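K.L.:
Residue numbers (my numbering): 1 to 442.
If you're looking for bench data, these hints aren't it; they were derived computationally from the structure.
These figures come from a predicted structure and were not determined experimentally.
Be aware that one or more of the hints could be misleading.
What the hints assert, rightly or not - Beta-carbon label-pair distances, calculated as ranges:
#, residue 1, residue 2, range
1, Lys-438, Glu-304, 39 to 49 Å
2, His-231, Ile-384, 33 to 43 Å
3, Lys-100, Tyr-413, 27 to 37 Å
4, Thr-399, Gln-371, 51 to 61 Å
5, Thr-70, Pro-365, 41 to 51 Å
Claimed, not checked - Think about it this way: if two alpha-carbon atoms lie no more than 20 Å apart in a straight line, the pair counts; the simulated SDA-like pairs of lysine to any residue are:
#, residue 1, residue 2
6, Lys-436, Glu-201
7, Lys-382, Lys-436
8, Lys-374, Arg-361
9, Lys-227, Ala-300
10, Lys-30, Ala-101
11, Lys-245, Val-339
12, Lys-261, Lys-374
13, Lys-193, Ser-154
Glycine is no exception: its CB is placed at the ideal position from the N, C-alpha and C atoms.
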Amino acid sequence: SSSSSSSSSSKSSKSSDQSSDDNVDDTTCKNAVAFGRPVKGQRKCGKAVKWAKEHGFFEHKSWYAGTGLTAESPYEDFQMYLYLNEKANCPRPCSASDVKAGKLSSDNSSDDDKSVEASASKSDESNPESTKPSPPAGPLAHTFYMYRAQSKASYPLENINAADLAGVMWYLHNEVVQNTPRKYHIDRIKRYKVTIKNTWEFWNAHKRQFSAFVAYDAARCSTPVCKDIYHQYGFVVGCQICDTKVAAYLAKDQTTWNCKKGEDNCRAPLWYSLPGPCPAMGMQNEDINPNKVGLNVNKAKSPECVKRMPGGHCKSATGAPDCTYSYEEAGEIKLDELVGIDDYNEFWNISYTRCANKVARGELPKHHKCQHNKEYVKHLDKGIGTSFWDGIHDKQKCTDRMDAVRRLYKKHYPSFPLSLPEPACEFDMYYDGEFKWKINHT
């Protein structure tokens, strides 16, 4: 059409002022963001796309009115939005939904409208690594959400296992809500914004971003090779995928490369291991209290052990052996509100007694069958008294439950992005004798 020809001509006339790193070519498509990072040759556009999706959409709602974009639109849709508005030298993405240009396409765009590129650049300046034309081969800093299913007990994110959203829902559905009352008195989901950067020592041996998952119980690493791992590579963060055949929770992003393209397993739920001080020592059984708010998880760890093995938690992850992850708390939501239960004790306990009393007093027919409410019964694949957890193998229902979690977080913590891209868990394997290899610190 004449309009598309005019647009193409306009873009072509501007290309002479562009650097070779950010050229626009309308004859071919090109995605500017891959796996949550700007791709080589599209750094300017990639930064703007990431800023628009992760910040701009929430901070400047009016810019995106009428575009068809939502908080869950993929990066390609936000790139199409910038492409249509001729912003940040963005090329046409290779796949996008029916995105409209919105108000930024107007010839009378306000200064605020034109600030999307400046905002993205300003946001990016705070991250020294993202200012590089292309990241060097080596350990990278990844910032994303982790989640914990917890009781009201409060303790740091150290010597502990956490999960992505799919992973925490997998755990809740498979191990927590099948018990009445809930296992470990778990009543909430806690969210953390975590930055991971593992060590060069690990990268030099494996060429991977993540180490293997190790189990933590009562603040102690219970996997036999923990000591070898941390001695050889520093306090590296590990990961593992969960079995999608157990529960059909799938991540938004690809979480593993050990799969065939298009398989559900490519977006399998993830669990993480976060090493803290003195991971070799843990709490005694008499000290474990899941409902104690100020639980001292380091009580059994000797000062000498803590000094010798400080763990990987630090203020800002650098990739040093004792500085592999940092985090900030990003809110918590209650399971009762998520599921739609007003009073959990009433739901599973008192309601049955009240019903039985009514039968005994003749207020209900004597043949009336009172039932014990349960959130989820495995052999029925549904709940009694609630339908929230019905269908553990139903992908759409599992997705709907994850979306409900995201909406509840957005309701209570609107300043945080709805979701963040998560890196893949690409650990390969431990090799025979590798813990005796010479450590490469370069």
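K.L.:
Indicate, hint by hint, whether the structure satisfies it.
P.N.:
Structure-based check of all given hints:
For Lys-438 paired with Glu-304, a C-beta distance near 28 Å fails the hint of 39 to 49 Å. For His-231 paired with Ile-384, a C-beta distance near 50 Å fails the hint of 33 to 43 Å. Between Lys-100 and Tyr-413 the Cβ separation comes to about 29 Å, which falls inside the hinted range of 27 to 37 Å. Between Thr-399 and Gln-371, the C-beta spacing of about 29 Å breaks the proposed range 51 to 61 Å.
At roughly 50 Å, the beta-carbon separation of Thr-70 and Pro-365 lies within the given 41 to 51 Å, and the hint holds. Taking the CA atoms of Lys-436 and Glu-201, the gap is about 13 Å. The hint holds against a cut of 20 Å. Taken as a hint, the Lys-382 and Lys-436 pair is broken in the structure, with Cα atoms around 51 Å apart against an allowance of 20 Å. A C-alpha spacing of about 25 Å is found between Lys-374 and Arg-361, which places the hinted pair above 20 Å, so the restraint is violated.
This hinted pair checks out: Lys-227 and Ala-300 have alpha carbons roughly 18 Å apart, not beyond 20 Å. For the proposed pair Lys-30 and Ala-101, the alpha carbon gap of about 18 Å is at most 20 Å, so the pair holds. Among the hinted pairs, Lys-245 with Val-339 is inconsistent with the structure: their alpha-carbon atoms are about 23 Å apart, more than 20 Å. Straight-line distance between C-alpha atoms of Lys-261 and Lys-374 comes to about 38 Å, which puts the hinted pair past the 20 Å bound.
The hinted pair formed by Lys-193 and Ser-154 meets the criterion: a straight-line CA distance of about 17 Å does not exceed 20 Å.
The structure fails hints 1, 2, 4, 7, 8, 11 and 12 (numbered hints given earlier, in ascending order).
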